[in-house]
Amino acid sequence: MTDATRGNGRAGQGSLLVSDARTARRNAAERRFRIYGLLAVSIGIVALVVLLVSILANGASAFRQTTIRIDVPLDAARLDPSGTRDPAAMAGVTTFRYAPLLREGLAATIAAAGIEAEVDDRALDEMISDESVAQLRRHVLANPDLVGQTVPVEVLASGRIDGFFKGRVTYASAELDSNVTPEQLRLAEELRNAELLRTGFNWRFLTAPDGSDTRPEAAGLGVAILGSIYMMLIVLALALPIGVAASIYLEEFAPQNRWTDVIEVNISNLAAVPSIVFGILGLAIFINFMGLPQSAPIVGGLVLTLMTLPTIIIATRAALKAVPPSIRDAALGLGASKMQSVLHHVLPLAMPGILTGTIIGLAQALGETAPLLLIGMVAFVREYPDAPPDGFFDPATALPVQIYNWTQRADPAFVERAGGAIIVLLLFLLAMNLTAIFLRRRFERRW
Amino acid sequence: MNDTGLTDTAPAKITARGVQVYYGGTHAIKDVSVDIPDNTVTAFIGPSGCGKSTFLRCINRMNDTIAVARVEGDIRIDGEDIYDRRVDPVQLRAKVGMVFQKPNPFPKSIYDNVAYGPRIHGLAKDRADLDGIVESALRRAALWEEVKDRLAQPGTGLSGGQQQRLCIARAVATAPEVLLMDEPCSALDPIATAQVEELIDELKQNYSVVIVTHSMQQAARVSQRTAFFHLGHLVEYGETGRIFTSPEDPRTESYISGRIG
Ligand SMILES: Nc1ncnc2c1ncn2[C@@H]1O[C@H](COP(=O)(O)OP(=O)(O)OP(=O)(O)O)[C@@H](O)[C@H]1O
Ligand SMILES: [Mg+2]
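Protein chains in written order, with the UniProt record's numbering: chain A, 1 to 447; chain B, 1 to 261.
Take these hints with a grain of salt, some might be off.
Claimed, not checked - Straight line, CA to CA, 27 Å or less: simulated DSS-like cross-link-like pairs of lysine-lysine:
| no. | chain 1 | residue 1 | chain 2 | residue 2 |
| --- | --- | --- | --- | --- |
| 1 | B | Lys102 | B | Lys148 |
| 2 | B | Lys102 | A | Lys321 |
| 3 | B | Lys95 | B | Lys125 |
| 4 | A | Lys321 | B | Lys108 |
| 5 | B | Lys125 | A | Lys321 |
| 6 | A | Lys321 | B | Lys204 |
| 7 | B | Lys95 | B | Lys204 |
| 8 | B | Lys108 | B | Lys148 |
| 9 | B | Lys102 | B | Lys204 |
| 10 | B | Lys95 | B | Lys108 |
| 11 | B | Lys125 | B | Lys102 |
| 12 | B | Lys148 | A | Lys338 |
| 13 | B | Lys95 | A | Lys338 |
| 14 | B | Lys30 | B | Lys102 |
| 15 | B | Lys125 | B | Lys108 |
| 16 | B | Lys125 | B | Lys30 |
| 17 | A | Lys338 | A | Lys321 |
Think of the hints as simulated: they come from the structure by calculation, not from any bench.
Keep in mind that this is a model prediction, so the values were computed, not measured.
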């Protein structure tokens with residue numbers, strides 16, 4: 001057999017029913033390669049699953065929040081001493097006056113439900129989020145007619161009580177915790193049995209602005225999501241047209257000489273520049289020199305545009321290069337101008353590649369943190385930015401910066417918030433990638 | 001040698017004098033002078049790599065798109081120097097159509113492939129007019145019967161020979177004055193070849209057609225004049241009948257009889 005296959009200068013000698021040594025070796029090599037490939041893919045999938053599981057385990061609970069239903073007596077004597085129901089006059093009453101109302105309401109609600117509470121006033125106070133007091137005050141100021149009535153309100157439970165129902169706080173840990181006592185937990189459990197306390201989907205997490213260090217239960221992503229969306233709009237509106245125009249010029253029109261080589265090398269270099277450098281650039285140019293406001297999505301968007309441009313240019317040029325030259329010849333040969341041949345034939349063919357590059361660039365920009373820290377987007381922002389275009393100049397934060405910010409805080413409840421924010425960020429990325437796939441399909445179907 | 005291409009009979013549509021083409025350091029066309037008359041079919045024959053396509057691409061300035069290519073000499077169409085600075089190659093190419101050696105349909109529908117030229121040049125008054133142009137172009141390229149029910153399907157989905165005819169239809173649809181065809185029948189069966197040859201014969205009523213072919217029989221069948229290229233030189237040019245019966249140059253003779261390949 002070996003004699004027949006070695007060195008007699010002819011391939012494929014011998015019976016076809018028996019695989020010769022060389023074929024067997026080739027097949028073995030192929031099998032080995034398949035196993036390596038499967039192994040590599042498995043490692044990737046395992047890493048992804050571990051990542052997703054750990055993020056979900058940490059963050060999923062951020063989407064649920066514990067609230068208590070309280071019937072609050074809005075005592076007119078205390079909330080509206082002047083008796084005019086004039087919001088301007090009532091604005092003089094601080095949250096300090098509202099807190100006892102909530103507490104008294106809670107005590108009355110507990111008594112009405114027939115629950116025996118062994119906790120004092122302070123302990124009752126502590127079970128309600130400080131945020132809820134401010135919320136109640138805003139609600140009353142907006143609806144002065146409510147004063148004098150007893151209204152049912154759904155208030156946020158404090159972070160520790162919320163943590164108890166998510167398994168973060170236990171009776172054992174409460175013994176050691178100065179912020180919560182086992183008695184409070186017991187009361188919370190009874191409230192839940194009486195269906196006065198419940199844990200439901202946490203819309204506020206997606207809509208509310210950030211909460212202060214002591215109010216993790218009130219912290220939300222509203223401002224960060226808006227800020228990120230604003231910046232993505234700016235990046236898309238600037239980087240896509242500029243990047244595509246630059247690539248078309250470089251690829252289709254520019255003479256191939258030393259200058260285009262220099263530009264090409266520099267664009268590739270730019271893509272590799274660490275993002276923090278872009279942050280320093282943005283600080284120096286957009287804020288210090290051009291005088292744009294700090295912490296504003298416009299500055300963040302401009303910095304991220306600079307970062308995203310090289311990615312889009314490189315992807316677009318690769319996509320344009322991949323279009324066969326014969327297509328250009330065909331168009332030119334029919335008397336189309338260069339511009340027509342590019343716009344009618346080359347660009348549509350390159351579109352899927354351009355879209356992929358753009359989405360990759362946007363995804364990078366969405367997750368970018370370092371340059372935003374430098375331009376002050378890490379600030380604590382409670383006010384929603386206005387609608388664009390004015391809102392582009394209002395202070396805002398961004399999703400990744402918010403995540404970074406929350407991981408820096410002392411209260412462990414913020415770890416959960418950060419995990420939840422990561423999930424939101426990943427969902428955004430998923431949505432963008434699905435959009436890319438959808439657009440790619442649509443463009444591909446045209447030819 | 002460079003005066004073999006000159007004629008003093010029919011009025012010349014295309015006149016070339018002392019044309020040299022360089023691809024970087026490669027000298028691909030060496031001092032070619034030729035007069036191509038109107039209303040005739042001129043065949044370019046010669047061994048592979050001798051520069052037939054290169055010379056053809058000089059006539060509609062497609063060599064402009066190759067960065068390393070450099071064209072010297074003088075080429076005139078109707079007495080106008082097409083390499084003059086004032087000439088817009090885009091306008092020239094609307095006048096001088098081309099069918100490329102490799103079929104290159106657009107990755108669009110069959111209809112859009114043919115309609116593209118008329119559209120960008122504004123040749124059709126309305127949709128019905130455009131439909132008419134597309135149909136007659138496809139009929140002339142002997143493709144209509146095969147594709148009339150699937151005009152909306154991509155042109156790239158056709159077979160190689162069908163794509164070649166689609167490219168012919170596309171070039172014909174813009175109604176050029178000169179049609180350059182680089183091996184338009186290389187992938188066609190004898191029946192389709194006969195149909196395309198019929199088209200070429202018909203086209204010469206109104207156009208000047210230049211066709212590159214590797215088939216001696218085809219050159220003999222369709223052309224009135226034949227040019228033999230060898231290693232970048234135009235070796236011999238004249239009446240097709242004379243070239244094939246009594247070639248003057250020994251190289252022509254050995255090529256025709258199959259000794260140079
Ligand atoms: N784009 C190019 N760059 C560099 N050299 C080229 C290029 N195109 C053609 N050449 C060279 O020019 C010479 C002539 O080529 P051309 O394509 O004109 O030959 P041809 O006669 O059409 O051959 P065939 O019958 O095989 O198509 C060849 O030596 C070829 O290598
Ligand atoms: Mg050729």
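To see whether the hints hold, each was checked on the structure:
1. With a C-alpha separation of about 24 Å, the suggested pairing of Lys102 (chain B) with Lys148 (chain B) holds against the 27 Å cut-off.
2. Between the alpha carbons of Lys102 (chain B) and Lys321 (chain A) the distance comes to roughly 19 Å, so the proposed pair stays at or under 27 Å and holds.
3. At roughly 20 Å between alpha-carbon atoms, Lys95 (chain B) and Lys125 (chain B) fall within 27 Å of each other, so this suggested pair holds.
4. Annotation: proposed proximity of Lys321 (chain A) to Lys108 (chain B) holds, straight-line Cα distance about 19 Å (limit 27 Å).
5. For the hint pairing Lys125 (chain B) with Lys321 (chain A), the CA-to-CA distance comes to about 36 Å; that exceeds 27 Å, so the pair is violated.
6. Between Lys321 (chain A) and Lys204 (chain B) the alpha-carbon distance is near 38 Å, which puts this suggested pair outside the 27 Å criterion.
7. For the hint pairing Lys95 (chain B) with Lys204 (chain B), the CA-to-CA distance comes to about 15 Å; that is within 27 Å, so the pair holds.
8. A hinted pair counts as satisfied when its Cα atoms are at most 27 Å apart, and Lys108 (chain B) with Lys148 (chain B) qualifies at roughly 16 Å.
9. A hinted pair counts as satisfied when its Cα atoms are at most 27 Å apart, and Lys102 (chain B) with Lys204 (chain B) qualifies at roughly 23 Å.
10. For the hint pairing Lys95 (chain B) with Lys108 (chain B), the CA-to-CA distance comes to about 24 Å; that is within 27 Å, so the pair holds.
11. Distance hint between Lys125 (chain B) and Lys102 (chain B) is unfulfilled; the C-alpha atoms sit about 32 Å from each other, more than 27 Å.
12. About 31 Å separates the Cα atoms of Lys148 (chain B) and Lys338 (chain A), which puts this hinted pair outside 27 Å; it is violated.
13. As the CA atoms of Lys95 (chain B) and Lys338 (chain A) are separated by approximately 17 Å, the hinted pair is consistent with the 27 Å bound.
14. In summary, the hint linking Lys30 (chain B) to Lys102 (chain B) is supported, as the alpha carbons are separated by about 25 Å, within the 27 Å threshold.
15. For the given pair, Lys125 (chain B) sits about 22 Å from Lys108 (chain B) by alpha-carbon distance, which is consistent with the 27 Å threshold.
16. Taking the CA atoms of Lys125 (chain B) and Lys30 (chain B), the gap is about 45 Å. The hint is violated against a cut of 27 Å.
17. For a cut-off of 27 Å, the pair hint linking Lys338 (chain A) to Lys321 (chain A) stands: about 15 Å separates their Cα positions.
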